[in-house]
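Participant: Chains A and B, in that order, are what the protein sequence lines are. Sequence positions in the first sequence follow my numbering and run 1 to 204. Sequence positions in the second sequence follow my numbering and run 205 to 408.
Worth flagging that the hints you see were computed from the coordinates, not collected in a lab. Don't take every hint at face value.
Stated by the list, open to error - Listed below are the simulated BS3-like cross-link pairs for lysine-lysine, each with C-alpha atoms no more than 30 Å apart in a straight line:
(1) A/Lys-8 <-> B/Lys-392
(2) B/Lys-392 <-> A/Lys-50
(3) A/Lys-99 <-> A/Lys-85
(4) B/Lys-323 <-> B/Lys-234
(5) A/Lys-130 <-> B/Lys-334
(6) B/Lys-289 <-> A/Lys-8
(7) B/Lys-334 <-> B/Lys-323
(8) B/Lys-317 <-> A/Lys-13
(9) A/Lys-113 <-> B/Lys-303
(10) B/Lys-234 <-> A/Lys-161
(11) B/Lys-323 <-> B/Lys-365
(12) A/Lys-161 <-> B/Lys-254
(13) B/Lys-337 <-> A/Lys-45
(14) B/Lys-249 <-> B/Lys-337
(15) B/Lys-365 <-> B/Lys-303
(16) B/Lys-225 <-> A/Lys-8
(17) A/Lys-30 <-> B/Lys-217
(18) B/Lys-334 <-> A/Lys-90
(19) B/Lys-337 <-> B/Lys-365
(20) A/Lys-173 <-> B/Lys-254
(21) B/Lys-392 <-> A/Lys-30
(22) A/Lys-21 <-> A/Lys-34
(23) B/Lys-317 <-> A/Lys-119
(24) A/Lys-104 <-> B/Lys-377
(25) A/Lys-50 <-> B/Lys-247
(26) A/Lys-104 <-> A/Lys-13
(27) A/Lys-13 <-> B/Lys-337
(28) B/Lys-308 <-> A/Lys-8
(29) A/Lys-161 <-> B/Lys-377
(30) B/Lys-337 <-> A/Lys-34
(31) A/Lys-90 <-> B/Lys-337
(32) A/Lys-188 <-> A/Lys-21
(33) B/Lys-249 <-> A/Lys-8
(34) A/Lys-133 <-> B/Lys-303
(35) B/Lys-254 <-> A/Lys-34
(36) A/Lys-173 <-> A/Lys-130
(37) B/Lys-392 <-> B/Lys-365
(38) B/Lys-212 <-> B/Lys-238
On a predicted model such as this, the values are computed, not experimentally measured, just so you know.
2 protein chains.
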Amino acid sequence: MVNIAIAKGRLEKDIFEFLNKAGYRIQNNKDSRKLFIEDEERKIKCFLVKPMDVPIYVSNNIADVGICGTDSIVESEVNILQPLKLPFGKSRMVLAGFKNWQLKRQPIVVATKFPITAKRYFESHGLEAKIIKLNGSVELAPIVGLADVIVDIVETGTTLKENGLVILDEIYKISAMLVLNEIAYRTKRIEITEFLDSLRGITK
Amino acid sequence: MVNIAIAKGRLEKDIFEFLNKAGYRIQNNKDSRKLFIEDEERKIKCFLVKPMDVPIYVSNNIADVGICGTDSIVESEVNILQPLKLPFGKSRMVLAGFKNWQLKRQPIVVATKFPITAKRYFESHGLEAKIIKLNGSVELAPIVGLADVIVDIVETGTTLKENGLVILDEIYKISAMLVLNEIAYRTKRIEITEFLDSLRGITK
Chain A
1 MVNIAIAKGR
11 LEKDIFEFLN
21 KAGYRIQNNK
31 DSRKLFIEDE
41 ERKIKCFLVK
51 PMDVPIYVSN
61 NIADVGICGT
71 DSIVESEVNI
81 LQPLKLPFGK
91 SRMVLAGFKN
101 WQLKRQPIVV
111 ATKFPITAKR
121 YFESHGLEAK
131 IIKLNGSVEL
141 APIVGLADVI
151 VDIVETGTTL
161 KENGLVILDE
171 IYKISAMLVL
181 NEIAYRTKRI
191 EITEFLDSLR
201 GITK
Chain B
205 MVNIAIAKGR
215 LEKDIFEFLN
225 KAGYRIQNNK
235 DSRKLFIEDE
245 ERKIKCFLVK
255 PMDVPIYVSN
265 NIADVGICGT
275 DSIVESEVNI
285 LQPLKLPFGK
295 SRMVLAGFKN
305 WQLKRQPIVV
315 ATKFPITAKR
325 YFESHGLEAK
335 IIKLNGSVEL
345 APIVGLADVI
355 VDIVETGTTL
365 KENGLVILDE
375 IYKISAMLVL
385 NEIAYRTKRI
395 EITEFLDSLR
405 GITK
């Protein structure tokens with residue numbers, strides 16, 4: 001049995017559709033109180049957790065594999081394999097702020113849900129930044145004066161636009177990724193290889 | 205004008221009812237795209253943020269005051285005044301695990317959304333703990349074997365029960381609290397005192 005940690009929320013629907021396309025008979029029944037969603041015949045067992053928790057479950061070898069976005073992997077700072085990029089969940093991690101924003105003072109005050117990403121970005125640009133970790137509504141921060149700029153995920157750009165913000169720089173491209181525990185890959189190689197191959201077949 | 209950061213979610217409805225009871229004419233219109241909810245006559249201006257972000261906005265003097273739960277204040281580790289406990293939002297921060305759980309090995313593995321709380325709790329008991337910070341579904345952690353115990357908020361206890369978990373210890377009682385920025389209190393003393401007095405009148 002391959003244990004799979006699946007990211008709740010934004011990617012959830014796409015992940016199930018993708019697994020179904022790969023021939024797995026699993027359904028995301030939200031009314032069910034069951035913790036695990038299984039395809040007994042094809043031997044996969046899924047459970048849903050918050051996106052940022054997927055790498056935690058995989059790196060601790062509770063899940064053999066996980067499916068989540070690039071952003072969750074970068075922020076978790078754990079040691080996991082990333083054998084497969086999946087063909088959905090596309091978005092971008094960006095630096096955003098008011099149009100015509102210019103660097104006037106350092107440290108730059110940055111609000112973000114992604115402090116690791118933000119820290120690395122400013123360090124790599126040789127800029128001093130004070131990073132304020134927020135849990136939500138990051139686009140509010142420049143408007144109320146909490147931060148100069150934000151580091152956040154952008155899909156359509158609507159939220160930024162509604163708040164008078166623009167993309168100042170692209171930090172990295174985001175995609176859904178399959179992540180894998182190295183020990184699990186050694187101890188369950190046959191099952192995991194079979195699972196990976198079934199997904200590879202439809203990502204081409 | 206008193207700027208107020210209000211915790212979204214669990215406490216939101218109670219906060220608005222409470223402010224209305226204190227005579228403020230503000231409505232939480234979810235369809236509105238407005239960032240701020242104002243009572244111009246009585247001079248308050250509210251904005252909604254994630255509970256854990258309330259102390260951040262207050263400590264950075266973006267909001268003069270904030271309303272959130274004890275848990276958010278403990279976790280933020282910032283320096284803010286707590287002049288008033290409010291008569292709603294009651295719950296408890298607890299240590300939970302399987303019934304008959306016994307300490308067999310150290311470090312104890314603890315899953316929680318509240319790492320500061322968990323760290324302090326185990327330190328104060330002289331116990332070594334490995335704290336795994338999760339973003340959600342903490343009650344899943346003991347079931348799948350990620351953690352021995354969890355530190356989490358309990359309101360009714362239903363979630364714990366459904367997952368076969370019980371309360372092992374109460375860490376602290378939670379209530380909605382009014383928090384206050386010290387500098388704002390000095391520079392806007394008259395307005396803030398008036399606001400506090402209007403709330404104190406109905407907490408008795």
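Participant: Does each hint hold? Answer for all of them.
Facilitator: Hints and how they fare:
no. : hint                    : verdict
1   : A/Lys-8 <-> B/Lys-392   : violated, 44 Å
2   : B/Lys-392 <-> A/Lys-50  : violated, 41 Å
3   : A/Lys-99 <-> A/Lys-85   : violated, 33 Å
4   : B/Lys-323 <-> B/Lys-234 : violated, 37 Å
5   : A/Lys-130 <-> B/Lys-334 : holds, 28 Å
6   : B/Lys-289 <-> A/Lys-8   : violated, 35 Å
7   : B/Lys-334 <-> B/Lys-323 : holds, 9 Å
8   : B/Lys-317 <-> A/Lys-13  : holds, 25 Å
9   : A/Lys-113 <-> B/Lys-303 : violated, 36 Å
10  : B/Lys-234 <-> A/Lys-161 : holds, 19 Å
11  : B/Lys-323 <-> B/Lys-365 : holds, 25 Å
12  : A/Lys-161 <-> B/Lys-254 : holds, 21 Å
13  : B/Lys-337 <-> A/Lys-45  : holds, 24 Å
14  : B/Lys-249 <-> B/Lys-337 : violated, 34 Å
15  : B/Lys-365 <-> B/Lys-303 : holds, 10 Å
16  : B/Lys-225 <-> A/Lys-8   : violated, 38 Å
17  : A/Lys-30 <-> B/Lys-217  : holds, 26 Å
18  : B/Lys-334 <-> A/Lys-90  : violated, 34 Å
19  : B/Lys-337 <-> B/Lys-365 : holds, 22 Å
20  : A/Lys-173 <-> B/Lys-254 : holds, 26 Å
21  : B/Lys-392 <-> A/Lys-30  : violated, 49 Å
22  : A/Lys-21 <-> A/Lys-34   : holds, 23 Å
23  : B/Lys-317 <-> A/Lys-119 : holds, 22 Å
24  : A/Lys-104 <-> B/Lys-377 : violated, 45 Å
25  : A/Lys-50 <-> B/Lys-247  : violated, 39 Å
26  : A/Lys-104 <-> A/Lys-13  : violated, 43 Å
27  : A/Lys-13 <-> B/Lys-337  : holds, 26 Å
28  : B/Lys-308 <-> A/Lys-8   : violated, 33 Å
29  : A/Lys-161 <-> B/Lys-377 : violated, 41 Å
30  : B/Lys-337 <-> A/Lys-34  : holds, 24 Å
31  : A/Lys-90 <-> B/Lys-337  : holds, 26 Å
32  : A/Lys-188 <-> A/Lys-21  : holds, 23 Å
33  : B/Lys-249 <-> A/Lys-8   : violated, 34 Å
34  : A/Lys-133 <-> B/Lys-303 : violated, 36 Å
35  : B/Lys-254 <-> A/Lys-34  : holds, 29 Å
36  : A/Lys-173 <-> A/Lys-130 : holds, 24 Å
37  : B/Lys-392 <-> B/Lys-365 : violated, 47 Å
38  : B/Lys-212 <-> B/Lys-238 : holds, 15 Å
Hint compliance for this structure: hints 1, 2, 3, 4, 6, 9, 14, 16, 18, 21, 24, 25, 26, 28, 29, 33, 34 and 37 are not met, and every other hint is.
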